[in-house]
Each structure stands twice: as C-alpha cells, then as structure tokens.
Amino acid sequence: MTEMTEITSAVRTAETVAARLNRRYAAERRFRLLGLASIVLSAGFLVLLLGTVIAKGWTGFLQTQIAVEVAFDPQVIDPDGNRAPEVLDTADYPALVRNALAARLAPDADRGTRRDLSAMVSTMGAEQMRRMVAANPSVIGGRATLWLPASDKLDMVYKGQAPREVGADGNALSDRQLGWLAELEKTGQIRKAFNVQFFTGGDSRAPEQAGIWGAVVGSFFSLAVTLLISFPLGVATAVYLEEFAPKNRWTDLIEVNINNLAAVPSVVFGLLGLAVFLNVFHLPRSSPVAGGLVLALICLPTIIIAGRAALKAVPPSIRQAAAGLGASPLQIVAHHVLPLAMPGMLTGTILGMARALGETAPLLMIGMVAFIVDIPKSPLDPSAVLPVQIYLWAGSSERAFVEKTSAAIMVLLLFLVAMNMAAIMLRKKFERRW
Amino acid sequence: MNQFIPRGTSKISARGLNVHYGDKQALHDIDLDIPAGEVTALIGPSGCGKSTFLRCINRMNDMVDGAKVTGSLTLDGSDVYDRQLDVVQLRARVGMVFQKPNPFPKSIYDNVAYGPRIHGLARDQAELDEIVMNSLEKAGLLAEVESRLSESGTSLSGGQQQRLCIARAIAVAPEVILMDEPCSALDPIATAKVEELIDELRDNYTIVIVTHSMQQAARVSQRTAFFHLGKLIEVGGTEEIFTNPREPLTQGYITGRFG
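Line by line, the protein sequences are chains A and B. At position 47 of the first sequence the residue is numbered 47 (our numbering), and the sequence of numbers has no breaks. At position 4 of the second sequence the residue is numbered 438 (our numbering), and the sequence of numbers has no breaks.
Honestly, the hints are just simulated from the structure, not real lab data. Glycine included, every Cβ here is placed at the ideal spot set by N, Cα and C. Please note that a few of the clues may not be correct.
Claimed, not checked - Chain B residues, not near chain A, derived (Cβ > 10 Å throughout):
| # | residue |
| --- | --- |
| 1 | Asn-452 |
| 2 | Asp-465 |
| 3 | Asn-492 |
| 4 | Asp-499 |
| 5 | Ser-512 |
| 6 | Val-531 |
| 7 | Pro-539 |
| 8 | Arg-557 |
| 9 | Ser-591 |
| 10 | Cys-599 |
| 11 | Gly-671 |
| 12 | Phe-676 |
| 13 | Gly-686 |
Said to hold, decoys possible - Subject to a maximum C-alpha distance of 27 Å in a straight line, what follows is the list of computed DSSO-like cross-link-like pairs (lysine-lysine):
| # | chain 1 | residue 1 | chain 2 | residue 2 |
| --- | --- | --- | --- | --- |
| 14 | B | Lys-665 | B | Lys-540 |
| 15 | B | Lys-540 | B | Lys-502 |
| 16 | B | Lys-502 | B | Lys-665 |
| 17 | A | Lys-429 | B | Lys-572 |
| 18 | B | Lys-540 | A | Lys-428 |
| 19 | A | Lys-312 | B | Lys-627 |
| 20 | A | Lys-312 | B | Lys-572 |
| 21 | B | Lys-458 | A | Lys-247 |
| 22 | B | Lys-502 | A | Lys-247 |
| 23 | B | Lys-665 | A | Lys-312 |
| 24 | A | Lys-247 | A | Lys-186 |
| 25 | A | Lys-186 | A | Lys-159 |
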C-alpha cells in the first residue's frame, strides 16, 4: 500500500513539473527579451546622439578657402619705402584683399559691391598677408595666389548648411554673392581644407576664426591643478581611514559624509569655490587655478571611495605576512598594501578626472564662462575649459557656431573616451589574483 | 645561526592568560610552559583557542579590533605584553607561518629578502644573497627554485609557497617559529615535506605548531597541549598524551569521539 502511494506521488511530481516547464521556459524567454530590448533601446539612443553630433559637427573640421591672386602693392603697404615694422604692421591689408577680389569677380565695382565682396572672406585673410610681409618684407611689390579662409556665411552656404537658392528668404548671402560663389566654383577657386584654425585658435566672435585650443589648454591646466591636489589628498585620506584610523563614531561620521559628498550636485561645489577661493583667498577669477581647486573638491570623494575599495581588496593575508615578519604599520602599507592597491586607486582617479573634465556648472559659478580670446599661458590666466566653451558656442546666434559646438563635443568625447580607455587598460594590466 | 639552546628550559611561559574578543572570552586562565628547542603541538577542536594562544605569542592579536589580553606571557622571562616592549622587535624574534601560504606578490628572492631588509640584517648585497640562499636551503627549497629566483613567489605550487613562507620566516633568524596549521591547505606529499622540514628545524628553533591533524601532532611534536573551549585541558609529552592521557576529554578527542 505505502509502496503504491510512493510510486503514484513520484509520477505526480514528474507530471506537475512537466506541466510547469513550459511556463517556466516562457518566463525565462520573456525576461531575456526584455533585457535585450532595453539594451537595443539604449544602444539606439547612443547611436542617435553620436549620429546627430557627428552629422552636425564633422564639417567643423573643414574650412572653406578661396584662391585669390593678391598683389602686395607697395603703395598701400609701405608708401614711404623704408620698411619700418610698425608701418608694415598697420598697413591696410583688407583693402588689398578687397582689391584682389574685385579684380577677379567685379572689375568695375562700386562701394556697395566692394563691401559685399569683402564680406566673402574672413578678416583672417588680411592677417595672413600681414604675417607674410612681417616674416619676409621682400614679398612687397610681388603677386601671389593665396588660399584665404572664407567668411562664416560663405562657409555655411558652400558646405550646404545654409540655403543657396537665388532669391530665397533669409539667405545668408546676397544674390550677387551667390553668383560669385558659382563663378569661383566653376574655375575651381574654392575648396574645403582641413581646419587648422579650429585646433589652434582661441575663442572668437567670428565663427570661422573660433578655435578650441584655448579651451583645451584651459582644461589641461585645470585638470593638472585638480590632479595635483586631489590625488595626494585622496590617497592619503583613503590610506589613513582604511589602515590607521580607529573604528569609532568619528570615523563613521567621516565615512558617511564622504559618501554623501560624492552625490552632492556639482554646482554646490561651485558656490563653495566662489565663496572660499575667490572671495576669501582672492584667487584670480576665471582662472584654471580656481577651477582646478573646485574640481579637486568634486573629485576627492570619488578618489577616496575608489581608493578605500582598492585598499580593502588587498587580502589581509598580505598584511599578516608582513606584520609577522616584524614590519611596522607604515612599512606594511608602504611596501605591500599601497603598491598592490595603486592600480585601483589610479583607475578611480582617472575616472574622477574624466568627470572633472566634463564638469560645467561649478565652473560657471567661478566665472570661467567669460569670453576669452587669448590662449592661457599659465594656470593663473583667465581661460575657458572645453565643456564651458561648448556651452558658450551653443548659446551663440551665428549659424556657423552650430557645427563648431558639435565639433567641440566630438573633441571632448574623444578625450573622455581616451581617459576611460586608459583606466580600463590600467585595470586589465595590473589585475591580480591571489 | 642561533646559539645552542639548552633543551628543556622554558622559552615561553603563560600564567593566567586570558583573551577576550569584545564580550566573548576566547582563552581562560592558561598556564603553559613551552620548552626551548622542541616542537610543541597545540591541538583541540575548532574554536578551542589554540590559534588565539599562538597569536598571543607574537602579539598578532593586536591587529584584531576589540582583542584584550590579560595575565602574563613571557618570552625568555621578559613580558611580551610589556608596554616598553616594541612589537616589531618581538616579531623579529618570533616568526610566524600562516595557515594559507601567503607569499608576497614579489619575486622569490624578494620574498625571502624582505625581512632581513626591513631589519637591516645584511650589511651589503653579498651578505643578503647569502642569507636568502641559506634560508632557502634550510627550507629545502633551494634546489627547486635556484634557477628562477626572480620569478613571482605566487607562481610556485602550494607546498612550495608554504616552504617559501618558512624560508621567509627563518631569514630573519628568529628564536621561535609559530605555525598556524601550516599544512591544512597542502596535499599529502607537500605535507610530508613540510613535516620533515619542521623536524629538521627544531635543532635551531623553538617551534609551536597548531594543527588539526592528530597524526601530524604525533609525528612532528615532542610535547602536546590539548585545548578545549578556551581552556587548557592537558599538556605533556606527545607520546604520553597520545598513549596514556590523564583527562577523559583528551582521551575522547584523540580517539575521535568528538572534534
């Protein structure tokens, strides 16, 4: 009798399990699909974001140039003929460019036509001539065909980012200018070349002259200050809290505070920087020193938390082995624990620095949002940083700044990807198993 | 290396030793003498306090939060827990080998050289080389690693790692070597080698070994102390303990009735 029941119940178990099997499989399939769908969705958004940025911005790396045969007219450049540098420096080069364009496109131009003509090229063209004369005064009296950068409006039209139909509303160029453009195209006297100015120039009100180098240098100085302050401080704090500090209410309190600081909105740190670094210590406004200090405050919690995690990951057996040999607590840390934790600490630091590189809001609070043309020469000079430069350009009204904004975003993303890659490689290289 | 150690004199002696971890008392009133130049085995079931006693001798319990030691523990007659005594100096005299082989993730050479380096035992490189070679030789490891001293210590097998740890401990020329279940992570062949090594080392060092294996205690030790629930139940010559224990608890443990 009991044997019978046992057999029946075994059969029943098998049947019940089989019946539930399909439901279980279906549930698992649903769960997998859900996960897959969310990954596809986020990947889609990422592609959309990158696609937009690249589509809008890649032309920012190109510059439209016009071939113009200019005459270095001695009458205009140096009427007295004594080649005095200040005379050469202040000569009316824009007139030479204007004349050259008129000679090519509209030989009998009136004043209005000539104004339209000079609006086709950037003022950088005249600057280019001035530099040629300054470098080698013997060019005076000669003629040369130069590729001069186009103005931002012509640049936009030629790149196809502004309407080009003759007579259309809201045209960037007048119908006459469009006609000239067509003529230049016919003779091959207009081209798109690599935009050196974008990578070597500072900010400018004229979009075709605006570059990111000033912001890159500013970011570099800021991050250097940040690294110099936050890395030693962060490592020392992590080591002390993890290896030496007694476990009591005070250290608990400090730990909770550090964890909370990591989540504080960065703009709050900016306000703190404004109050302390600018108003109390009177550091120069808009300078990478002040910016770097604020960013260091933002990075510190991240570095400390990463550092403590790295120290915790060092197995206690290493500490015991060293202690058993008679190493002092400082020797245990300096000879064994810190070297083993260093890759993890560096990874945390790089990730913190990557965050600092992308910070905008706190820097706005300390005046790094100013319009600065000059490339900073030291961390004390006023400067912009990359994300703030992007913010500034995004708010500019000229159409040509749209592509500059996207191009600058690409550069910033490139730096961020490079830093994160460095962190990943560091982790891979020094990953250790005990 | 060490001067002749008179057999039978008491190297380490505990009197009324109590250890608390927080509220929990791990050792109760331990009175135990450990003679010089012999291997003393500490046996007993898990949690009986034998490891705790071992870790009192070189004050490794200092690293545990909330550990409190009272009573007296002397090494060569001077109090180990004296405030004047420097723990670094103590640990140079009392070496330790741990349960799990824990070589530093450095080269084999650097593993052995580390102790002499931090204590400044070698005047020059040649002397350091000599200490390292000697220690590896004594640990019976030299022949196996001579050609690859610059390889990482963690690349060795488990048994080799443990002998490396022993070489590392004796490189400092300690008087006492504490071993906390040194063979529990090793296979039988590696265990046999380490046991052989322990037997050779007892001529020069006083060895205290904690072990879970009663066979091991019987094989390597001259004296055995049996701990139970934080109390020292019985101590005596190893042969006597295993053949003719006085206490019923000891008898029960060595015959496998509990443990």
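The hints, checked one at a time:
1. Every CB of chain A lies more than 10 Å from the CB of Asn-452/B, the least distance being 23 Å, so the non-interface label holds.
2. Every CB of chain A lies more than 10 Å from the CB of Asp-465/B, the least distance being 26 Å, so the non-interface label holds.
3. Asn-492/B, annotated as away from the interface, has a beta carbon of chain A within 10 Å; the closest lies near 7 Å.
4. Non-interface call for Asp-499/B relative to chain A: violated, since the shortest CB-CB distance, roughly 6 Å, does not exceed 10 Å.
5. Residue placement check: Ser-512/B keeps its beta carbon more than 10 Å from all beta carbons of chain A (closest about 17 Å).
6. Not every CB of chain A is more than 10 Å from the CB of Val-531/B (nearest about 8 Å), against its label as outside the interface.
7. For Pro-539/B, the shortest C-beta to C-beta distance to chain A comes to about 6 Å, within the 10 Å cut-off, and the non-interface label is violated.
8. Annotated as non-interface, Arg-557/B keeps its C-beta farther than 10 Å from every C-beta of chain A; the closest such distance is 19 Å.
9. With a cut of 10 Å on Cβ distances, Ser-591/B stays outside the contact zone with chain A, its closest approach being about 15 Å.
10. With a least CB separation of 7 Å from chain A, Cys-599/B falls inside the 10 Å interface cut-off, contrary to its annotation.
11. The Cβ of Gly-671/B lies farther than 10 Å from every Cβ of chain A, with a closest approach of about 29 Å, so its non-interface assignment holds.
12. The beta carbon of Phe-676/B sits about 30 Å from the closest Cβ of chain A, which is more than 10 Å, so the claim that it is off the interface holds.
13. The beta carbon of Gly-686/B sits about 33 Å from the closest Cβ of chain A, which is more than 10 Å, so the claim that it is off the interface holds.
14. Note on Lys-665/B and Lys-540/B: the hinted pairing is violated, with a Cα-Cα distance of about 40 Å set against a maximum of 27 Å.
15. Between Lys-540/B and Lys-502/B the CA atoms are separated by roughly 34 Å; this puts the pair beyond 27 Å, and the hint is violated.
16. At most 27 Å may separate the alpha-carbon atoms for a hinted pair to count; Lys-502/B and Lys-665/B meet this at roughly 17 Å.
17. For the hint pairing Lys-429/A with Lys-572/B, the CA-to-CA distance comes to about 36 Å; that exceeds 27 Å, so the pair is violated.
18. A threshold of 27 Å between alpha carbons decides the hint, and for Lys-540/B with Lys-428/A the separation of about 19 Å falls inside it, so the pair holds.
19. The suggested pairing of Lys-312/A with Lys-627/B is violated, with an alpha-carbon distance near 34 Å, which exceeds 27 Å.
20. For the suggested pair Lys-312/A and Lys-572/B, the alpha carbons sit about 35 Å apart, so the restraint of at most 27 Å is broken.
21. This hinted pair checks out: Lys-458/B and Lys-247/A have alpha carbons roughly 19 Å apart, not beyond 27 Å.
22. Restraint check for Lys-502/B and Lys-247/A: satisfied, since their Cα atoms lie roughly 16 Å apart, inside the 27 Å limit.
23. Straight-line distance between C-alpha atoms of Lys-665/B and Lys-312/A comes to about 34 Å, which puts the hinted pair past the 27 Å bound.
24. Our distance criterion of 27 Å between C-alpha atoms is broken by Lys-247/A and Lys-186/A, whose separation comes to about 80 Å.
25. Only pairs whose Cα atoms come within 27 Å are accepted, and Lys-186/A paired with Lys-159/A is accepted, the gap being roughly 16 Å.
When the structure is compared with the earlier hints, violations turn up for hints 3, 4, 6, 7, 10, 14, 15, 17, 19, 20, 23 and 24 and for no others.
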